[in-house]
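Given chain X, work out where chain Y should sit, using these hints.
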Amino acid sequence: MALVVINSSFSQDLLEILESETPKETQFIPATFKMTRIAIGHSTEVRAKGVLEVFAANRFWNLPVDRTQSFVADRMSTRFALEYAVSDDLTFGTGATTFDGLFDAHLKYRIPTKSNSNGLPFRVTLLQNFSYNSSAIANQDISDEFSDRTAFTTQLLLSKKVSKDFSFQLAPTYIHSTLGLQENDPNNFFAIGIGARYKLGGHLSLVSEYYHTFNEIESFETHSPFAIGANWELGDILLQFMLTNAVNMVEDRFITQTRNNFNFRNPNLNFGFNATYVFHFKNRLKEK
Amino acid sequence: MIRILIIFFLTVGTIPQTDEDNEKVIARQGKVSFFSYTSVEDIKAENNQVLSVIDLDKKEIAVRMLMNAFIFEKALMREHFNESYLETDIYPEAVFEGKIMDFDSTIVGEQTRIVKGVFTMHGNSEELEIKTKILKEADNYIVSGVFETLVKDYNINIPPLLAGNIAKSISVEFRFEYEPYED
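Those protein sequence lines, which keep their order, are chains X and Y. The numbering of the first sequence is the working numbering, which starts it at 1 and goes up by one. The numbering of the second sequence is the working numbering, which starts it at 1001 and goes up by one.
Calculated from the structure, these hints are not laboratory results. Glycine included, every Cβ here is placed at the ideal spot set by N, Cα and C. It is possible that part of the hints are untrue.
Example chain X residues on the side facing chain Y (calculated, C-beta under 8 Å, incomplete) [said to hold, decoys possible]:
1) 14
2) 18
3) 21
4) 23
5) 28
6) 75
7) 200
8) 202
9) 234
10) 235
11) 278
12) 285
For reference, chain X alone in the conformation it holds in the complex (with noise of 0.2 Å):
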């Protein structure tokens, strides 16, 4: 009863000078999609300073014939990579996949934004990945010396968060593979991205991501890699699930080599499965 006269009696000019003297802006930028990665793809999302995330990239499917003994799916491509935070804006990563043989290195690097009312409307980051193709070229007229078997991937992730739940990614992103398939196959790929995140509640949301490129290899038919899934926030460890055509895990493979449509036939739909280990070495309240 005492509390309620003292509440009834409390002077609002005490909060109207709080009010005033309330600095409007923070330090503190939102996240936009938490993960580093909306399902496929990368986001904008970049981690602070000193965290190295552990990250490990399943894909499984399975073989279109009818009989198959194979324990849970009949085949399954890991993709293992490193990948630390040299300072809030840059982080450099390294990885390797077991199904394709590809080993891949990226830096990626978010344009700084003070906070989020001033400043740019869209979060920027820029991503530059480069891989190397380790596997075994059956057509013995190809050249694959080194330098031939590279691929370098250009992109520039544009989001933007559109309302507390709803994260919105375009990602133009230019590929420029060593490796030519056949004669008349394009060296240069130019291709879009668009990916989404939807946020279901507090640690869950769905996202979805497409891929389309402007120019195709023509030597095979290729299809726009499709992922719909789940990402699933646990305190240190990010899980994200998902259904996707796309088998390989780096940019320049499964934006321009993608041979399935996204259905539900084998072998065409993928089930992918990536968690992530974060470590911080970092110790943010230590910093003064």
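This is chain Y only, laid out in the frame that chain X set:
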């Protein structure tokens, strides 16, 4: 004539000082930190930009803090705190309004008083009684203390898998250094 003028100026000059009805002190860089201790994980966060005002005459205290100004040991935890737990885009701030019981603003040195009031965070208001140490030096006051509050009172959604990582009772520590407030 000069005498009258002197008396006049002295009188005028003393008016603001005699008007002590609305004397207020403000703390602009108050510190609030909280701790959660469990066997799985210790979580600690600090906010050094907390605002507080005391109306010395009415013995009222108000505190306001932006929740996204809390800094955590782990950078990712700050993102989780804002996006998944406290939903700071909907509830950006926490406010405390209270009364310092039996407060005597004239006592120089230390006094321990109970502060009774309502703390509003994440859209939920909770009545708190906090034992507070008040130290007066000249015109400045330092108010500090520790209290415990329960996570469940603030309607914060914690996934069952992470229930072991976050303590049921959170220990909150605060320290405000006040100086006279001028409009």
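* **Agreement of hint residue 278 of chain X with chain Y interface, Cβ distance less than 8 Å** => 5 Å, holds
* Asked: Per the CB criterion, is residue 285 of chain X less than 8 Å away from chain Y?
  -> 5 Å, holds
* Asked: Does the CB of residue 21 of chain X sit less than 8 Å away from some CB of chain Y?
  -> Hint on residue 21 of chain X: holds, closest Cβ of chain Y at ~5 Å, below 8 Å.
* Asked: Does the nearest C-beta of chain Y fall within a distance shorter than 8 Å of the C-beta of residue 235 of chain X?
  -> Check passed: Cβ of residue 235 of chain X comes within 6 Å of chain Y, closer than 8 Å.
* **Hint check: 8 Å Cβ-Cβ cutoff, residue 75 of chain X to chain Y** => 30 Å, violated
* Given residue 202 of chain X as an interface hint, is the shortest Cβ-Cβ distance to chain Y below 8 Å? -> Status holds, d = 4 Å.
* Mind checking the CB of residue 234 of chain X against every CB in chain Y and telling me if the closest is under 8 Å? => Given a least distance of 6 Å, the restraint on residue 234 of chain X holds.
* chain Y contact restraint for residue 14 of chain X - C-beta distance below 8 Å -> 4 Å, holds
* Classify the hint on residue 23 of chain X as holds or violated, based on whether any CB of chain Y lies nearer than 8 Å to its CB. => At 7 Å from the nearest chain Y Cβ, residue 23 of chain X passes the 8 Å test, so the hint holds.
* Can the hint on residue 18 of chain X be confirmed by a CB-to-CB distance to chain Y that is less than 8 Å? -> 4 Å, holds
* Does the nearest C-beta of chain Y fall within a distance shorter than 8 Å of the C-beta of residue 200 of chain X? -> At 12 Å from the nearest chain Y Cβ, residue 200 of chain X fails the 8 Å test, so the hint is violated.
* Hint validity - residue 28 of chain X Cβ closer than 8 Å to any chain Y Cβ -> Holds. Min distance 4 Å.
Hints 6 and 7, counting from the list given before, are not met by this structure.
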